[in-house]
Amino acid sequence: GQNIDQPTEMTATEGAIVQINCTYQTSGFNGLFWYQQHAGEAPTFLSYNVLDGLEEKGRFSSFLSRSKGYSYLLLKELQMKDSASYLCAVRGWGTGGFKTIFGAGTRLFVKA
Amino acid sequence: KAGVTQTPRYLIKTRGQQVTLSCSPISGHRSVSWYQQTPGQGLQFLFEYFSETQRNKGNFPGRFSGRQFSNSRSEMNVSTLELGDSALYLCASSSEETQYFGPGTRLLVL
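If you're matching them up, the sequences are chains A and B in order. Numbers 1 to 112, taken from my numbering, label the letters of the first sequence in order. Numbers 1 to 110, taken from my numbering, label the letters of the second sequence in order.
If you are wondering where the hints come from, they were derived from the structure by calculation, not from laboratory data. Hints may be right or wrong, so weigh each one.
What the hints assert, rightly or not - Dumping the calculated DSBU-like pairs for lysine-lysine here, alpha-carbon to alpha-carbon at most 35 Å:
1) 57(A) x 13(B)
2) 111(A) x 68(A)
3) 57(B) x 68(A)
4) 81(A) x 111(A)
5) 68(A) x 81(A)
6) 57(A) x 111(A)
Fair warning: this is a prediction, and the values are worked out from it, not measured in the lab.
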C-alpha cells in the first residue's frame, strides 16, 4: 500500500527558512508533489519531483530521494502569507492503476 | 485557460437524501479525480475517471459513485447520506501527472 508521513505543525519566523519533511512508502513510484492549501481554499500545486535531486522555483524548493523514500519542501524568506497547510502527495501504483495519495498535511504558522 | 470548476459550491442536505456534485476539468484534461477532505482524515481519494472509464477507486462504500461524460465533465453521487459525509469534496483534473484542484463543494449533512 501507500503511506505518507509529515509533521502535523511547524512554526517559523517571518524572513526565515523552513524545511518541511515528508517520508513515504509506495510501489511503482511515479512522482512526488507538494501542494499549498490555505484555510477554506482548495490545494494549489507547488512542485513536482520524479527524479532525485532539488527542484527550485523562486522562494520554494523541493528535494527528492527515491532510495530513501524522502522529500522536503524548503521555503525561503518566509512571508506571513505562507501560513498554510502544505500537503505532500505521492503517485504510485495501486490496484487498478496509478493513483495519487495525500499526506495529512503540515500546518505552517509564520509569526512576525 | 479556465481552471477546474465545481458546482454547487455549498450544499446542505439531511440524512438519507442523495446528492450529485459536478466538476468541469481544465480544457484538454481527460483525467478527473475526486477527493473527500475532512479535518480529521485529510484528503482521501475517492475515484479517478479517464476517458469515461473509472480507472481507480479508493476505499469508500458503494454509496459513493461517479461517472464521466464524453466532454470529460464528471459527476459524483452520494446516496443515503450520513452525518459523516459532511466534508469538502474536491475535484482535480490532470493531463499527465500533475493534478489541479477545483474550489470544492462543501457539503453539510444534518
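Query raised in the report: So which of those numbered hints doesn't the model satisfy?
Result: Of the numbered hints, just 1 does not hold.
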